[in-house]
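Chains as they are written, first to last, in full-length UniProt numbering: chain Y, 1 to 81; chain P, 1 to 780; chain F, 1 to 128.
Source of the hints: derived by calculation from the structure; they are not laboratory data. Keep in mind the model is a prediction, meaning the values are calculated, not measured.
List of simulated lysine-lysine pairs, BS3-like, C-alpha gap at most 25 Å:
(1) Lys7/F <-> Lys264/P
(2) Lys187/P <-> Lys79/Y
(3) Lys44/F <-> Lys125/F
(4) Lys96/F <-> Lys269/P
(5) Lys125/F <-> Lys264/P
Cβ-Cβ distance ranges computed for the label pairs, FRET-style:
(6) Ala207/P <-> Asp64/Y: 31 to 37 Å
(7) Gly66/Y <-> Glu127/P: 20 to 26 Å
(8) Thr42/Y <-> Gln527/P: 53 to 59 Å
(9) Ala9/Y <-> Asp29/P: 47 to 53 Å
(10) Ala207/P <-> Thr42/Y: 28 to 34 Å
(11) Glu127/P <-> Glu47/F: 49 to 55 Å
(12) Ala6/P <-> Asp64/Y: 52 to 58 Å
(13) Ile60/Y <-> Gln100/P: 56 to 62 Å
(14) Gly723/P <-> Glu47/F: 47 to 53 Å
(15) Asp29/P <-> Gln23/Y: 40 to 46 Å
Every residue gets a Cβ at the ideal spot worked out from N, C-alpha and C, and that includes glycine.
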Amino acid sequence: MPISLTPEAAVFEGHVDITDIDQLHPWMVANTGAVLDVTDCTSAHTAVVQIVVASGMPVIGAEDTGDWRSVFNKPHSVKQV
Amino acid sequence: MNSLLAQFVSECRDLIETASRCLLDLENDSSNKDQIDELFRAVHTIKGASGLFEFKPLTSTVHAGEDLLDAVRAGDVRFNSDIADLLLEMLDRLVEWLDQIDATDSLPAGAEDTSAELSRRLRLQLEDGSADEVEAEETAEASPAFDAWPEDVPPLPGADKGLTFVTYLPSPNAFFTGDDPLQTVLKTPGLMWMQIQEPESWPDLEALDPFIVQIGFLAVSDASQAEVEEHFSYVASEISIQTIGLTDAPPAEEAAPEPDAALKELATKLLASQKELLASEQHDISEHKCLESIDQVLERLTNALELVVVRTKPVHDTASLRETLEHWIHDIEVEMAGGAVAVEDTEDDEPFAPLGEPIAAAPEPQPAQEDVSAEIASPAVSTPSPRASSHLRVDAERVDPLMNLAGELIVAKNAMPFLAQKAEAADNAGDLVREIKSQHNTINRIAEELQAAIMQIRMVPVGNILSRFNRLVRDLSRKLGKDIQYLVDGEDTEADKAIVDELSEPVVHLIRNSIDHGIEDPKAREQAGKPRQGTIRIRAYHKEENVVLEISDDGKGIDVDRVLTKAVERGLLDQEKAANMSRSEALQLVFLPGLSTKEEVSDLSGRGVGMDSVGSMVRRMGGQIGIDSEQGFGTTVTLSLPLSMSVQRLMMVEVGDGLYSVPVDSVVESQKIDPAKIRRHRNAEMVVLRDRLIPLVRLRDLFECPDIEEPQTLSVMVVDVDGHESGLVVDKFHPGLDAIVKPMTGVLSGHQMYAGTALLGDGSILLALNLREMIECQYH
Amino acid sequence: MTTRPFKALIVDDATTVRMYHRALVEQQGWETVEAENGVEALEKALETHVDVMFVDVNMPVMDGYTFIKTARQSETLGHIPAVMISTEAQLVDQDKAFAAGANHYLIKPAAPDDIATLLKLLEPKELP
Numbered sequence: 001m002p003i004s005l006t007p008e009a010a011v012f013e014g015h016v017d018i019t020d021i022d023q024l025h026p027w028m029v030a031n032t033g034a035v036l037d038v039t040d041c042t043s044a045h046t047a048v049v050q051i052v053v054a055s056g057m058p059v060i061g062a063e064d065t066g067d068w069r070s071v072f073n074k075p076h077s078v079k080q081v
Numbered sequence: 001m002n003s004l005l006a007q008f009v010s011e012c013r014d015l016i017e018t019a020s021r022c023l024l025d026l027e028n029d030s031s032n033k034d035q036i037d038e039l040f041r042a043v044h045t046i047k048g049a050s051g052l053f054e055f056k057p058l059t060s061t062v063h064a065g066e067d068l069l070d071a072v073r074a075g076d077v078r079f080n081s082d083i084a085d086l087l088l089e090m091l092d093r094l095v096e097w098l099d100q101i102d103a104t105d106s107l108p109a110g111a112e113d114t115s116a117e118l119s120r121r122l123r124l125q126l127e128d129g130s131a132d133e134v135e136a137e138e139t140a141e142a143s144p145a146f147d148a149w150p151e152d153v154p155p156l157p158g159a160d161k162g163l164t165f166v167t168y169l170p171s172p173n174a175f176f177t178g179d180d181p182l183q184t185v186l187k188t189p190g191l192m193w194m195q196i197q198e199p200e201s202w203p204d205l206e207a208l209d210p211f212i213v214q215i216g217f218l219a220v221s222d223a224s225q226a227e228v229e230e231h232f233s234y235v236a237s238e239i240s241i242q243t244i245g246l247t248d249a250p251p252a253e254e255a256a257p258e259p260d261a262a263l264k265e266l267a268t269k270l271l272a273s274q275k276e277l278l279a280s281e282q283h284d285i286s287e288h289k290c291l292e293s294i295d296q297v298l299e300r301l302t303n304a305l306e307l308v309v310v311r312t313k314p315v316h317d318t319a320s321l322r323e324t325l326e327h328w329i330h331d332i333e334v335e336m337a338g339g340a341v342a343v344e345d346t347e348d349d350e351p352f353a354p355l356g357e358p359i360a361a362a363p364e365p366q367p368a369q370e371d372v373s374a375e376i377a378s379p380a381v382s383t384p385s386p387r388a389s390s391h392l393r394v395d396a397e398r399v400d401p402l403m404n405l406a407g408e409l410i411v412a413k414n415a416m417p418f419l420a421q422k423a424e425a426a427d428n429a430g431d432l433v434r435e436i437k438s439q440h441n442t443i444n445r446i447a448e449e450l451q452a453a454i455m456q457i458r459m460v461p462v463g464n465i466l467s468r469f470n471r472l473v474r475d476l477s478r479k480l481g482k483d484i485q486y487l488v489d490g491e492d493t494e495a496d497k498a499i500v501d502e503l504s505e506p507v508v509h510l511i512r513n514s515i516d517h518g519i520e521d522p523k524a525r526e527q528a529g530k531p532r533q534g535t536i537r538i539r540a541y542h543k544e545e546n547v548v549l550e551i552s553d554d555g556k557g558i559d560v561d562r563v564l565t566k567a568v569e570r571g572l573l574d575q576e577k578a579a580n581m582s583r584s585e586a587l588q589l590v591f592l593p594g595l596s597t598k599e600e601v602s603d604l605s606g607r608g609v610g611m612d613s614v615g616s617m618v619r620r621m622g623g624q625i626g627i628d629s630e631q632g633f634g635t636t637v638t639l640s641l642p643l644s645m646s647v648q649r650l651m652m653v654e655v656g657d658g659l660y661s662v663p664v665d666s667v668v669e670s671q672k673i674d675p676a677k678i679r680r681h682r683n684a685e686m687v688v689l690r691d692r693l694i695p696l697v698r699l700r701d702l703f704e705c706p707d708i709e710e711p712q713t714l715s716v717m718v719v720d721v722d723g724h725e726s727g728l729v730v731d732k733f734h735p736g737l738d739a740i741v742k743p744m745t746g747v748l749s750g751h752q753m754y755a756g757t758a759l760l761g762d763g764s765i766l767l768a769l770n771l772r773e774m775i776e777c778q779y780h
Numbered sequence: 001m002t003t004r005p006f007k008a009l010i011v012d013d014a015t016t017v018r019m020y021h022r023a024l025v026e027q028q029g030w031e032t033v034e035a036e037n038g039v040e041a042l043e044k045a046l047e048t049h050v051d052v053m054f055v056d057v058n059m060p061v062m063d064g065y066t067f068i069k070t071a072r073q074s075e076t077l078g079h080i081p082a083v084m085i086s087t088e089a090q091l092v093d094q095d096k097a098f099a100a101g102a103n104h105y106l107i108k109p110a111a112p113d114d115i116a117t118l119l120k121l122l123e124p125k126e127l128p
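This is chain Y alone, in the form it adopts within the complex:
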């Protein structure tokens, strides 16, 4: 299971696919004060990233990774060295 959901946090693990939106979306609507943890997320479908960006929910585990996960942080950009 790539996402585990608690009222406080959604933890992404491995590849999070578009099919996981079915669970994620209602959870987001119900838990607007929660955070998203992408520390162990290896890749995510565009739809997942889109909904995260749209929700404006705080994301943890994406700071200073220097990799693609930077898209979760504002200004949603990735710079590769």
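Once you have looked at the hints, place chains P and F on chain Y.
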């Protein structure tokens, strides 16, 4: 077509051949690292060479293939039959395109679409593996006019040279077509920066339809525009692409290009390279020579730029040369910068600041320790190239001069007995004679060793050729709805390159025969109680001084009776003879011209497409061919070929005023016979020698020499050709000798009667007789 | 004053690439000698005087690095300027090139202008 293009086409064809062979081998053993490397190398070379032409669709297709193979090589993507099929398809497409280029100098219309589609599928395979960033290998042709640097994009390295900028607005329904736009963006070749573009405002989260794409992407890459374009070719209508640059940063240089700006720019680079080389670690003579080469470069560069900086004094020891060069580079840099600082440099002993870094890194100017120099002293063993596996690829071109050298040495050797003879005529020359003779022995030994060594270089495994036919069998059998496996045993068996190269043609014919007419379709095989899958097996091995190839199939075999009937019908032999013929003798009839024409023999025997021509190909190479077949169980054709075209022991004979040679192996005996003993039967002459009836061939007649009076005794050389003895009537016998018989070239090459020429010690030329042709000629 | 034609040695295993470089070099009025690997290049360089050597990296039999290393140990060839031409743009390859003794490094396929300019800079002094 210009010659560069023609060369490209032909080189690509060879590489495609190599690539397909590797692919087919990989299908059997996908873990073979060498094969993958060789395959990659072939595709890489095609891509590299294609970059020289305006065949973008071709280049980008091959590039996609290369990237895929690179990932396979790195272990990121596992090789499987889908990949093999796709790559084979790519190769087929390349062949088509090359054919078209051959004919029209350009790619067919629609190549772009084909390429985009094929590249996409190749890249799809790549995506199944890991997200490997595609390295930006090609340097973009920096077009001087860039678009302005967008405000959203942070400054990036290389901005002054221009970078590729993509705006990607995926269609709202992109998710339904299986797209994952973010992944596509992240995999952009040479990606340096990307950003998600949000819509003006987001709806309430609850009202958001997460399956409609509402975001867009910006990306900057240092790969070429074409490369990026190709990466996005699948969504071409949803992207816009530009080359952007920070043009305002260095406007002075860009705007006013001095006529020698390019010269100066490159000179600066070249100078930097010299500093690099100066700083690199070199030892002993290499160090000194590197410094000398820098000296050369600096001298030429100063000259070309018409700088007034000159090297102060000629120096010879390494340490002071290094010092001189350091100063020189500095002076040039100062001069190129406008000479402003030149005054500072009046004090010559001053420590040398501007070059500080590289010099600090430089080794002691003293010659280095012994141990390292020993390592460099054996350069031949370092850095194996990827192609070199267990054997070196040696080009025949490079070996041929050696062959000739060996030939000359043998000629020199042959000159010795002449010399000895001459010396013998003089008085008191006994010692001299002995000496010359001993010298002759020495040269002889060297020549033989040299010869053997060279032969070894020329030896290549027959597998080189045989493995190529994998594809032929695969394709042809599929086309005919047959299921056939192709097996090769003894592919490591070696033979001279010339022989191996020539092998291909007859073997292709034989394999085609087996597939076409030998092996039955799966149904028929099942009915005959055989496995559905047929087998073509080639066995290669050495036997005595020959390389033997057995091409066998487990097909329906040959109906000997029908071969005989047909031969009689055709008037190739009479009824009585046919009745007395052994099975094996009868089978050999398929090699007769006139018996095996395509239509008749294929239904008659399931075999025989141009068997006579296969036979003559093999004989032309100095080989022999035989056939064995059991009806219902299959057919085996055996080719036996000489290992090499090496030095031969020759017998010399004189006819008219010419000297001719016959390979000593063919000679049974030499006899003087009484002309009265000649018997005449019809128009043929024969003689009985030790209870054997030997037909005579008068070479004088054959060579149309003027008639002479019949001598008292006739000189007859009995030769054996394919087990049949004939007596050659010549004017005179001469001693034997060793020589390399070279095939005839030019206008003489059409003369079937001669196998080639050999050079004699006294410089005269000897014609080597082609006995088989000559004797056939006598009878027809 | 009569000018001696300058001569460049072009070493690459791909015939097409060799022809391309040859054409570029000859456009500048230089003569060329070609070799398809390091060993052949050594032979060619020893038998005819060359002024510059353009050397591919990746070749069978003997690669470009080894060729330059070997040439640098030769009394007769050591001083000749050598330019490596390779498809690999990585810095590590450049370092290897200099470590082998190359005087310069170009990316393949070399742009016609680069070759032209380089040859201008590397034109030997006229011999009397």
